[in-house]
Amino acid sequence: MTEAAPISTQRPLGGFVVRVIAWLPAAFFVWYFAAPVLTWPAAFIVELVARAGFGDIVRGIAQSGSTLTFATALQPGESGAKAGQITVGVNMLLYAYGLPLYAALVLAAREPHWGRRLAYGYAALTPFVAWGVLADFLKNVAISAGPLVASQTGFVAWQREAIAFAYQMGSLILPTVAPAVAWVVSHQAFLERLRRVVV
Amino acid sequence: MLRFFATFVAIQAVLFGLELTPPVQQVLVVPWTNALAALSAWLVTVFDPGVTATGNVLRSTANGFAVSIEAGCNGVEATIVLVAAMLAFPAPWQRKLTGLAAGIVAVQGLNIVRVISLFYLGQWNFDVFEWAHLYVWQALIMLDVLVVWMVWVRLLPRRVGPGGRPGGPAGGSTAPASA
Chain V
1 MTEAAPISTQ
11 RPLGGFVVRV
21 IAWLPAAFFV
31 WYFAAPVLTW
41 PAAFIVELVA
51 RAGFGDIVRG
61 IAQSGSTLTF
71 ATALQPGESG
81 AKAGQITVGV
91 NMLLYAYGLP
101 LYAALVLAAR
111 EPHWGRRLAY
121 GYAALTPFVA
131 WGVLADFLKN
141 VAISAGPLVA
151 SQTGFVAWQR
161 EAIAFAYQMG
171 SLILPTVAPA
181 VAWVVSHQAF
191 LERLRRVVV
Chain B
1001 MLRFFATFVA
1011 IQAVLFGLEL
1021 TPPVQQVLVV
1031 PWTNALAALS
1041 AWLVTVFDPG
1051 VTATGNVLRS
1061 TANGFAVSIE
1071 AGCNGVEATI
1081 VLVAAMLAFP
1091 APWQRKLTGL
1101 AAGIVAVQGL
1111 NIVRVISLFY
1121 LGQWNFDVFE
1131 WAHLYVWQAL
1141 IMLDVLVVWM
1151 VWVRLLPRRV
1161 GPGGRPGGPA
1171 GGSTAPASA
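Chains as they are written, first to last, in our numbering: chain V, 1 to 199; chain B, 1001 to 1179.
Any given hint could turn out to be false.
[To be verified] Taking lysine to any residue and the SDA-like style, the derived pairs with C-alpha atoms no more than 25 angstroms apart in a straight line are: (1) K1096(B) / G77(V); (2) K1096(B) / A189(V); (3) K1096(B) / G1017(B); (4) K1096(B) / A1038(B); (5) K1096(B) / A71(V); (6) K1096(B) / H187(V); (7) K1096(B) / L1140(B); (8) K1096(B) / Q188(V); (9) K1096(B) / G84(V); (10) K1096(B) / V17(V).
Hints are computed from structural coordinates only; laboratory data are not their basis.
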């Protein structure tokens, strides 16, 4: 299919919304069961950034299913006391649910080259998934774990504020806004045609 | 297009940053969230009298099940996204204000449906509740924001260019016209 599907002149936006809602269950189904694979690139980015930027805190990262586990050099009690190291598990699905939304929007638009659009969107959204996962980990060790652990991270006040903001942004805004923006950017022609069909 | 997205991101970042500050939380977000719980309880009591609201918590007096409306579930972030998208898009101010009023009602209206549906899903099956809460409703609320914005953009008067051909949106000059 190389030509754009014509937009119905009767309730074109309504038809699009119905198709999005129809595609969402299938998109969520595929996303959930393919999550270990789909989230692997995000996990890879997280590992690169964590080792480069937080190598003194992060000792290792392992993906199991859709959970990314960070092994840290941090201890649960007083620094220097004999104790195990803290591990932090992050559910990557919490930051990746924009992928099925984006897929449903792309498939509902019925534009040509939808496979390429899916691939580009997936590539564009993956860094945002990585953002959310990394911010979640940092929030856990720098804020949620309490002062004994936070003091071992070496983060100062403004850095903890930045982590809190990055976490809130990565959990409340980016997972849903990023796919919507990616879709708008990649479907300008569709949106323009939709505008022309004035009921 | 670039200017639209840059403005959109900037407005969104500012509004979201403001939302997180203690004064805005205290004066706007917390009272709004509590009002949302109260309104949800009031609506539910039309068909289920055994529901009360205390602060941001919606509770069943029959079985004790309760849901707490937290950040991300009070519709404030979705509203911020909508506000940023409408303010960033080139359009007459009157249209922006009208769109914001109607759009906020649409977004918050669906959010009340989300809160009430989660309240009952949680009593029925907690796994389904978690799925709907963490993934499905988040996507649906953003879809609502996107559709409201698309409807609003569609209803904007189009500029008439040279030769009587439609141009971009009224009051605008850049390509978000395509959006």
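Quick rundown of the hints versus the structure:
1. Between K1096(B) and G77(V) the alpha-carbon distance is near 54 angstroms, which puts this suggested pair outside the 25 angstroms criterion.
2. With a C-alpha separation of about 23 angstroms, the suggested pairing of K1096(B) with A189(V) holds against the 25 angstroms cut-off.
3. Distance check on the hinted pair: K1096(B) and G1017(B) sit about 22 angstroms apart at the alpha-carbon level, within 25 angstroms; holds.
4. A distance of roughly 29 angstroms separates the Cα atoms of K1096(B) and A1038(B); the hinted pair therefore is violated under the 25 angstroms criterion.
5. A distance of roughly 49 angstroms separates the Cα atoms of K1096(B) and A71(V); the hinted pair therefore is violated under the 25 angstroms criterion.
6. At roughly 23 angstroms between alpha-carbon atoms, K1096(B) and H187(V) fall within 25 angstroms of each other, so this suggested pair holds.
7. Pair hint K1096(B) plus L1140(B) holds up; C-alpha atoms about 23 angstroms apart against a cutoff of 25 angstroms.
8. Distance restraint check for K1096(B) and Q188(V): the Cα-Cα separation of roughly 21 angstroms lies within the 25 angstroms cut-off, and the hinted pair is therefore satisfied.
9. Distance restraint check for K1096(B) and G84(V): the Cα-Cα separation of roughly 56 angstroms exceeds the 25 angstroms cut-off, and the hinted pair is therefore not satisfied.
10. For a cut-off of 25 angstroms, the pair hint linking K1096(B) to V17(V) stands: about 23 angstroms separates their Cα positions.
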